[in-house]
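From the two separate chains plus the hints, produce the assembled complex.
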Amino acid sequence: MHSFRGFLLKEFYHIFRDRRTAAILFGMPLIQLLLFGFAIRNEIQEVNLGIYDQSHDAVTREITDKFASSGYFVMRQELHSTAEIEHAFAEGSIAEAIVFEPDFAAKMIREGRATVQVLTDGSNPNVSKIITGYAASVLQDYRNTAFGAAEVGVEAVPLMMFNPELKSVNLFVPGLMALILMLVSALMTSISITREKESGTMEVLLVSSLRPVEIIIGKVVPYFLLSFVNVVTVVALASFVFGVPCRGSVTLLMLESLLFIVTALSLGIFISTITSSQQVAMMISLAGLLLPTILLSGFIFPVASMPLPLRMISNFIPAKWYLIIVRGIMLKGTSFGYIWKETLVHGVMTTVLMVASIKKFKTRL
Amino acid sequence: MSEPVIHTDKLTKRFGDFVVVDALSLTISGGEIFGFLGANGAGKTTAIRMLTGLLIPTSGTASVAGFDLYTGAEGVKLNIGYMSQRFSLYDDLTVRENIRFFAGIYGLNNQAIKEKSRQLLESLKLLEVADTRLASLPLGWKQKLAFSVAILHEPKIVFLDEPTGGVDPVTRRRFWDMIYEASERGLTIFVTTHYMDEAEYCDRLCIMVDGKVAALDRPEAMKRHFGVESMNEVFIQLARPNKME
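Protein sequence lines, in the order shown, are assigned to chains E and U.
Each residue of the first sequence is one higher than the one before, counting from 1 in the working numbering.
Each residue of the second sequence is one higher than the one before, counting from 1 in the working numbering.
Among the clues, some could well be false.
[Said to hold, decoys possible] Lysine-lysine pairs mimicking BS3-like chemistry, simulated, CA-CA at most 30 Å apart:
no.	chain 1	residue 1	chain 2	residue 2
1	U	K10	E	K360
2	U	K142	U	K125
3	U	K223	E	K197
4	U	K156	E	K197
5	U	K144	U	K125
6	U	K156	U	K144
7	U	K212	E	K107
8	U	K142	E	K197
9	U	K116	E	K197
Note that these hints are calculated values from the structure, not bench results.
All of these numbers come straight from a predicted model, not from anything done at the bench.
Bound-form chain U, shown alone (with noise of 0.2 Å):
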C-alpha cells in the first residue's frame, strides 16, 4: 500500500486523573479501511475527535493526511471528512439545500458546488425528491446522502462515527457497497462500529478496551489468533476480562 494518511504514536487524552485514551500507536495507509471498534466508553469516540481536530491530545503526536495534528490543523481539516452517529444532516433543508450547505462549508467555490450537487443528485438517483425536505426521507437515504455529502470536497480520510447506527441490515449492506467503492478510488475509511459483520467487512481492525489497543490486525489474523470462528468471538474474549470482573 501507499505511504500512511494516518500516522499517530502515543497519542494520550486524559480527562483529569482519567485516561480515556492511552498511548494510541497507528499507521493507516492510504485507501484502507481501517475499523475502530470497543465497547462503549473505550475510547472511541475520543480517539476520533483528537483525530479530526475537535479535541487537543493531552501528549503524544500525530499526522493526519501528511499534516502534524498540532500546527497544521487547517490542513488537516480541508483533507478529511466527517460524520457522526446521527447522520448530522439538516432536517429542515431539502436535500439540495443540504448539499450545497456542506459543500460550502468544506471549502468548495460556487462553480464546483453546483457541478457537485448535480453529479450527486444523479448518482444517488435523487433528483426527483431533490427539493423535499430532508425530514420526509427514509433513514437508507439520509444514511447514503450523509456519506457523499462528507467525500464531496474529495478529502484524503473519512471518519464515520457508527454511521450504521439504527439501519436495517440490507440498507447497512448497501452503505458498505458505498464505503467499499470509495475505498477503491482510494479513500481512506476509518470506520466505528458495535457491529461484528461490519467489522469483518474491514482492511484491518483495532480493537480498543478502556483506552488502550488490545488487538490490531486483519480480522483474519485475529480469528486465527483466538482460534475462534467469527469476530463476535474475539471481541468477547477481548473486552470481557476487564469488563466482568
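Pulled out of the complex, with its shape left as it was, chain E reads as follows (with noise of 0.2 Å):
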C-alpha cells in the first residue's frame, strides 16, 4: 500500500513538472471552449445581401426594409442587371441576391402573387441553405402582415425545442467534452504507459514488489481525477460564459462522465499494449480514437445523415453514445428513464474494453 501511494506521487510529478503535459491538461480544454464557443458557429449573421428590384415601388421597398430590419442581413449593394449579379456572386462582395420581378406591386394586386427569386452562392451549400431559410422566414413574415395568416391556408409553425435560438454552442459542448476526455483520459495514459517502456523504467516496476493491477491503477488515477476537473470546468465555463443550460441532474451528467472516462482510459492502457513507443501511441490516439470522435459521433456531422456503412461504424465509437447522453441530459433535461439504454450500451462497451485492456497488458509483459 505504501509503495502505491509513492507510485500515485510520482505519476503527478510527471504531469505537473512536463510543461507540455500540463499545458494539454488544462491549457487545452479551456482554448478548445473558447474557440468553439466563439469562433465555430453554425448561425451566420451579417449575410451580405444585393437587391435586384426592377419594380421599384412599394410593396418591394416594404419588403426590402424587411430584410434590412431582419438583423441578418446587410443590405450590400443594389444591383441593376443580371449581370451585375452574377459578377457581385463571383467578386465574393454578396452571398445572397433577392430579384423581385418587374410590376411586382401591380402583379400582387391584379393576380394575388407575385414572385421574389432568392439568389445564393451555392459553393458553401450549408451557407447556402440556411440563408436561403432567412430569406423565406422574412417573406413569410411580410406575407403574414400583409395578407394575414388566414388567407395562406396550411401555415408551418416552427420552434426549435430545447434550443429554441439555435445556438450552435449548446450542440458542441457536449461534443467537446467527449473529445477533451478522450484526449486526456486516452492519449495521455497511452503516453505515459508507453513512456515508461521506452526509458526501461516499466521492467523495474514490474520486478519490483507493485504487482500490474497496482501499476495501471496507479497510472490511471491521476488521469481519472484530472479528467473530473476538467468535465466540471467545461460544464461550469459553457454555462458561464455561454449560457450553455444543464437542464438534467447534474449529478447524472457526472456519474455519465465519469463512465466515459473509465472508457477513455481502457482504451488508453489498451493503446500502450500494442506498442512500446510514445510516437506510435500518439498516433494511434489521434487517428484511432481522436478522428472518429471528431467526425462520427455526431459532434459535427449528424450521424443520420451519414451512408449506412458509417452509421454502423459509428455505433462501435463510445463517444456516439456519451454525446447522446450529455446532449440529453443538458439540454432536454432528460431523466435516466429515457437514456438508460444508451448507458447499457455505453457501460458494456467499457467493461469489454477494460477487461480486455487489463488482461493484454498483464499477459504483454
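This is the structure in C-alpha cells:
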C-alpha cells in the first residue's frame, strides 16, 4: 500500500513537471471551449445581401426594409442587371441576392401573387441552405403581416425545442466534453505508459513488489481525477460564459461522464499494450480515437446523414453514445429513464474494453 | 562458496517455433559475479526476464533466491534487484525523489526509506544535488545511482542488464569497483555485457550462442581451453561459426 502511494505521487510529479503535459491537460480544454464557443458557429450573422429591384414600388421597398431590419442581413449593394448579380457573386461581395420581378406591386394586386427570386452562392451548400431559410422567413413574415395568416391555408409554425435560438455552442459543448475526455484520458494514459516502456523503467516496476494491477491503477488514477476536473470546468465555463444550460441532473451528468472517462482510460491502456513507442501511441490515439470522436460521433456531422456503413461503424464509437446522453441531460433535461439504453450500451462497451485491456496488459509484460 | 542462489534446470523459452533460450542449466552461488555474454539476439535478455519473473518459461525449472520461479514469484521479487539497459531512473524526478520512489516500490517502509536515502546520498556524495532533477546529472552519476537504488532493499541477487552501455571506460571501471564492493558484502551479481574487458572481471562466465550455452567456466580457464590471450578471441571463436555461415 505504501509503495502504491509513492507510485501515485510520482505520477503527479510527471504530470505537473512536464510543461507540455500540463499545458495539454489544463490549457487545451479552455482553448477548445473558447474556440468552439466564439469562433465556430453554425448560425450566420450579417449576410451580405444584394437587391435587384426591377419594380421599385411600395411593396418591394417594404420587403426590402424588412430584410434590412431583420438583423440577419446587411444591404451590400443595389444591383441593376443579371450580369451584375453574377459579377457580385463571383467577386464575393454578396452571399445572397433578392430579385423582384417587374411590376411587382401591380401583379400582386391583379393576380394575387408575385415572384421573388432568392439567389445564393451554392459553393458552400450549408451556408446557402441556412441563408435561404432566413430569406424565406423574412418573406413569410411579410406575407403574414400583409395578408394575415388566414389566407395562406396551411402554415408551418416552427419551434426549435430545447434550443429555440439554435445556438451552436449548445451543440458543441457535449461533443467537446467527449473530445477533451478522450484526449486527456486515452492519449495521455497511453503516452504515460509507453514512456515508461521507452525509458526501461516499466521493467523495473514489474520486477518490483508492485503488482501489474497496481501499476495500471496508479497510471490511470491521476488522469481519472484530472479528467473529472476538466468535465466540471467545461460544464461550468459553458454555463457561465456561453449560457449553455444544464437542464437535467448534474449528478447524473457527472456519473455518465465518469463512465466515459473509464472507457477512454481503458482505450489508453489498450493502446499502450500494442506499442512500446510514445510516438506510435500518440499516432494511434490521434488517428484511431480522436478523428472518429470528431467525425463519426455526431459531434459535428449528424450521424443520421451518414451513409449506412458509417452509421454502423458509429455504433462502435463510445463517444456517440456519450454524446446522446450528454445532449439529453444538458439540453433536454432527460432523466435516466430515457437514456438507460444508451448508458447500458456504453457500459457494456466500457466493461469489455477494460477487461480486455487489463488482460492484455498483464500477458504482454 | 555458499549454497546456490540461482539454480536452473533446462530452462527453455519458445516464441512460436523459435527457441530463444534452449535448456539453460545454471548454478550460481552466493557472492558470485556471474557474467552472461552473447551476441545480440543470443537470448540473454530473455533469460534475465525469466529469472526476474517478467517472462514465464515454456519449460524447465528454476529457483531464484531459494524461491521457485513458478510458485514463489512474490518471494523472488522481494529478494532481487534489477537494473535495465537504460539505467531506468526518472529524469523528471530529483535524486532524492528517485531514491524514495524506488525504495518504496521495493517494499521498504517510511523509516527505512529516510534512513537509506540519507546513507545513500552521503556515500555517493550526492547530498549537494539531492534536490536537482536527474536530467541534468552526468551519465556516470545516474548509473551509480541506478545501481545503488537497485540494491537498496538488500536483495540477495542483483540482475544488471548491460549496465555500462554508452559510458566511458573510466566511469565503467569505477562502476565495476562498486560491483566488487557489493559482491564482497555477499551480494550475488548477474550481469550481461557486450564488453570483453568487463567479462574478465567476472568470477565465472556463461557464453550464449543462439539460445544455447556455448561455454560456462572461469575466464582464465576459458582462455586456456581455447588457447588464446583474451576473452575477445574466445568470444569470436565461439560466436563466429554460427554467425558467419
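Which hints, by number, does the structure contradict? 3, 7
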